[in-house]
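Novice: Read off the chains here:
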Amino acid sequence: MQSSILVITEHWNGQVDGITYQMLAKGRQLADSLGIGLAALVLGYRLDGVIAALQEKGMDVLLVVDHAQLAQAGAEVQASVIAEAVRQMQPRLVLIGYSLVGMELAPAIAAKLGAPVMTNCVNAEIIDGAAVVTRPLFDGTLHAKIALEDKGPPLVAVQRGATPSVQLPPRTASVQPVSVDMGSIPVRSEVLEVIEEPVSDVDIAKADIIVSVGRGIGDKEKIPMIEELAQALGGLMACSRPLVDLGWLPRERQVGASGKSVSPKLYVACGISGASQHLSGMSDSRMIVAINKDPNAPIFQVAHYGVVADLFEIVPALTEEAKKAKGEVAS
Amino acid sequence: MKIVVCCKGVPGTVADVKIAPGGKAVQYQGQFLTMNECDEYALEEAIALKRAHGGEVTVLTMGSITTQDILYLALAKGADKAIRIDAQIQDSQAAGTVLAAALRKLEYDLVLTGTQSRDTLSGLAGIATAERLEMPFAFAVTQVEVDGDKTIKIRKELGGGRFADVRLPLPALLCVQTGIQPLTYVPPARMLRARQQALRSFSLSDLGLAEQQIVPQGYHFLNIFPPERTGQAQFLEGSAGEVAAALLGKIKEVL
Ligand SMILES: Cc1cc2nc3c(=O)[nH]c(=O)nc-3n(C[C@H](O)[C@H](O)[C@H](O)COP(=O)(O)OP(=O)(O)OC[C@H]3O[C@@H](n4cnc5c(N)ncnc54)[C@H](O)[C@@H]3O)c2cc1C
Ligand SMILES: Nc1ncnc2c1ncn2[C@@H]1O[C@H](COP(=O)(O)O)[C@@H](O)[C@H]1O
Numbered sequence: 001m002q003s004s005i006l007v008i009t010e011h012w013n014g015q016v017d018g019i020t021y022q023m024l025a026k027g028r029q030l031a032d033s034l035g036i037g038l039a040a041l042v043l044g045y046r047l048d049g050v051i052a053a054l055q056e057k058g059m060d061v062l063l064v065v066d067h068a069q070l071a072q073a074g075a076e077v078q079a080s081v082i083a084e085a086v087r088q089m090q091p092r093l094v095l096i097g098y099s100l101v102g103m104e105l106a107p108a109i110a111a112k113l114g115a116p117v118m119t120n121c122v123n124a125e126i127i128d129g130a131a132v133v134t135r136p137l138f139d140g141t142l143h144a145k146i147a148l149e150d151k152g153p154p155l156v157a158v159q160r161g162a163t164p165s166v167q168l169p170p171r172t173a174s175v176q177p178v179s180v181d182m183g184s185i186p187v188r189s190e191v192l193e194v195i196e197e198p199v200s201d202v203d204i205a206k207a208d209i210i211v212s213v214g215r216g217i218g219d220k221e222k223i224p225m226i227e228e229l230a231q232a233l234g235g236l237m238a239c240s241r242p243l244v245d246l247g248w249l250p251r252e253r254q255v256g257a258s259g260k261s262v263s264p265k266l267y268v269a270c271g272i273s274g275a276s277q278h279l280s281g282m283s284d285s286r287m288i289v290a291i292n293k294d295p296n297a298p299i300f301q302v303a304h305y306g307v308v309a310d311l312f313e314i315v316p317a318l319t320e321e322a323k324k325a326k327g328e329v330a331s
Numbered sequence: 332m333k334i335v336v337c338c339k340g341v342p343g344t345v346a347d348v349k350i351a352p353g354g355k356a357v358q359y360q361g362q363f364l365t366m367n368e369c370d371e372y373a374l375e376e377a378i379a380l381k382r383a384h385g386g387e388v389t390v391l392t393m394g395s396i397t398t399q400d401i402l403y404l405a406l407a408k409g410a411d412k413a414i415r416i417d418a419q420i421q422d423s424q425a426a427g428t429v430l431a432a433a434l435r436k437l438e439y440d441l442v443l444t445g446t447q448s449r450d451t452l453s454g455l456a457g458i459a460t461a462e463r464l465e466m467p468f469a470f471a472v473t474q475v476e477v478d479g480d481k482t483i484k485i486r487k488e489l490g491g492g493r494f495a496d497v498r499l500p501l502p503a504l505l506c507v508q509t510g511i512q513p514l515t516y517v518p519p520a521r522m523l524r525a526r527q528q529a530l531r532s533f534s535l536s537d538l539g540l541a542e543q544q545i546v547p548q549g550y551h552f553l554n555i556f557p558p559e560r561t562g563q564a565q566f567l568e569g570s571a572g573e574v575a576a577a578l579l580g581k582i583k584e585v586l
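Read top to bottom, the protein sequences are chains X and V.
Using the numbering used here, count along the first sequence one by one with no gaps and you end on 331.
Using the numbering used here, count along the second sequence one by one with no gaps and you end on 586.
I should point out that these hints are in silico values taken from the structure, not numbers from a laboratory.
Think of the CB as a built atom: it goes at the ideal place given N, C-alpha and C, for glycine as much as any other residue.
Treat the hints with caution; some may be incorrect.
What the hints assert, rightly or not - Computed list of chain V residues with no C-beta within reach of chain X, every gap over 12 Å:
#1 Pro-352
#2 Ile-414
#3 Arg-521
Unchecked claim - If you anchor each label on the Cβ, the simulated ranges turn out as follows:
#4 Glu-573(V) <-> Arg-215(X): 23 to 31 Å
#5 Glu-573(V) <-> Pro-164(X): 29 to 37 Å
#6 Glu-465(V) <-> Ile-51(X): 30 to 38 Å
#7 Val-477(V) <-> Glu-197(X): 18 to 26 Å
#8 Lys-355(V) <-> Gly-183(X): 34 to 42 Å
#9 Glu-573(V) <-> Lys-265(X): 17 to 25 Å
#10 Asp-66(X) <-> Ala-346(V): 50 to 58 Å
#11 Thr-515(V) <-> Asp-294(X): 22 to 30 Å
#12 Val-585(V) <-> Ile-51(X): 38 to 46 Å
#13 Lys-222(X) <-> Val-517(V): 20 to 28 Å
Sequences and hints are given; from them, build the entire structure.
Specialist: Following this line, the structure appears as structure tokens:
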């Protein structure tokens, strides 16, 4: 299908990853503004279930590469297969979710195609017939709008949660196999095993209230202050990745792309900048409160209530208020 | 084992950010050049591998003369050799082209990079380098195990609490994730000693690269601006007590 938007889908254990539906919604929007079709590509082995899950989800064409060699293929092989499908199809633009899987695939696909690639995007739109993406720079304290020239086809990798996964009007896509010569693709690395993290005692994903702490805390000794607020509010404490990297808190507390996805009723972010990999794990929370010294911190883009201040002033005051309120309830 | 680690000097804070004429780059005043966070973790991993298996660690950076500071830091931490490519290239795909050209001049079994740099937030240069050199690669690596003369076994993150164990033939390139090793502290005396060591430098022409090979292709910047707020955020002001009371009022509404 000449000149369509192509979405690269992601699935695991027969389940389509939610980020794929976000890309399909974004893809449909781009395709409609260009007046072209929407296609999706799925690769793997024994894909009947995945195809059934995807087929009605709003794309015009579902391209399929189903091959035993793709059962446990590494990123290199997947990137080669995707690049080959893109070469055959020549879409106008390729959309891929900026999940950890997409982070590894996008640069490799682009390199194989010699195409430009924009990663970590928060938006993609069509302005005067040209694709324009918005992406963060400098720790997310600035955003850039970047126009993609008609070289390519360009790859655009969009952050999880940056675009809502609206239900597209159902239609039945035509399923088309793509023929790829698997024998010509070099297989250098070998995936030995995929490991699922064991279930932990503390499950922040189940909490209704989360108070989350970031590098802004500055000192391990200060963490109990956050724990105290979490307890006063009747919730659990969580954290951003650097605190786990530093060995200050266990991994089971980490929120984000490489940690847990949470969507509590209340998420209080203390001293967290709001990098894309953090936001993708918590931006669905019902109410987000952010306390940060930096008014340009990206966390304020998703916050419902923001406090631009020193957390060491606000957190103890909030703990006190929460304790007071509990006391009132008790009396 | 010969290991090359790609470490980038990144600004701690930036000011006066604007688009360069032509739209292909961003101009800014950068302050406090530091070693990119995950690159520092990659360096620690390289030094740990050398300690366990012998060999040599070379640190490679591309940047202006001021990036020498991060090379001295790497030497103080235990790298054996340090090389600077004298070029300032922001585009991460182009950076991959340049790093690959430098690696062609070096001997290595393993190349380590970080996952992403804090200024570009691209997460591209490592894999772009590997692809240029037709080397196997892995992204978001959290463990490295030498399991033979010619292979390594790594663990990498897949997200959603999943990991994959992968065996790669050498030479290979790994994009290392933060937290892989504890960061070591460098005493000032060791830093002073490192500053006595010689640094090697490559120009682009030493690497056989012409300017037009490294011009960013396929895009141009339109605009740079502070992140747009979606409009939903309501900012609370006042004394800590006032803010706390107001916040608790809002919080009670959802609970
Ligand atoms: C592949 C990959 C996967 C990743 N996965 C995750 C993940 O799952 N989860 C995750 O969180 N990150 C993840 N990251 C890391 C992510 O990119 C960021 O580096 C990280 O989220 C930053 O954490 P932070 O906000 O705590 O720290 P920083 O970015 O350093 O922010 C600290 C913030 O604290 C503020 N601050 C400082 N002092 C104070 C004070 N006294 N009062 C108030 N505010 C203060 C500062 O203004 C700043 O905004 C991943 C990165 C990669 C490349
Ligand atoms: N100028 C540079 N010098 C050395 N290494 C670099 C440079 N640019 C990128 N890298 C490496 O590539 C990784 C990813 O960078 P980026 O694609 O810009 O996010 C970094 O973590 C570094 O290890």
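Novice: Falls inside 23 to 31 Å, the C-beta gap from Glu-573(V) to Arg-215(X)?
Specialist: Check passed, 27 Å falls within 23 to 31 Å.
Novice: For the range 18 to 26 Å, tell me whether the beta carbons of Val-477(V) and Glu-197(X) fit it or not.
Specialist: holds, 25 Å
Novice: Could you let me know if the closest chain X CB is still more than 12 Å away from the CB of Ile-414(V)?
Specialist: Answer for Ile-414(V): holds, closest chain X Cβ roughly 23 Å.
Novice: Does the claim that Arg-521(V) lies off the interface hold, with its Cβ farther than 12 Å from every Cβ of chain X?
Specialist: holds, 22 Å
Novice: 30 to 38 Å was suggested as the range; check whether the CB atoms of Glu-465(V) and Ile-51(X) agree with it.
Specialist: holds, 33 Å
Novice: Could you check the hint for me, namely that Thr-515(V) and Asp-294(X) are 22 to 30 Å apart, CB to CB?
Specialist: holds, 29 Å
Novice: Does the hinted range 20 to 28 Å hold for Lys-222(X) and Val-517(V) at CB?
Specialist: Given a distance of about 25 Å, which is inside 20 to 28 Å, the answer is holds.
Novice: Given the range 38 to 46 Å, decide if the beta-carbon distance of Val-585(V) to Ile-51(X) lies inside it.
Specialist: holds, 40 Å
Novice: Look at the Cβ atoms of Asp-66(X) and Ala-346(V) and judge whether their distance stays inside 50 to 58 Å.
Specialist: holds, 53 Å
Novice: Do the Cβ positions of Lys-355(V) and Gly-183(X) conform to the proposed distance bound of 34 to 42 Å?
Specialist: The hinted range 34 to 42 Å holds for Lys-355(V) and Gly-183(X), with Cβ atoms some 40 Å apart.
Novice: Please check whether Glu-573(V) and Pro-164(X) have a Cβ separation lying inside 29 to 37 Å.
Specialist: Distance hint for Glu-573(V), Pro-164(X) holds at roughly 34 Å.
Novice: Measuring from beta carbon to beta carbon, are Glu-573(V) and Lys-265(X) in 17 to 25 Å?
Specialist: At roughly 24 Å between Cβ atoms, Lys-265(X) and Glu-573(V) fall inside 17 to 25 Å, so the hint holds.
When held up to the earlier numbered hints, the structure conflicts with none and fits them all.
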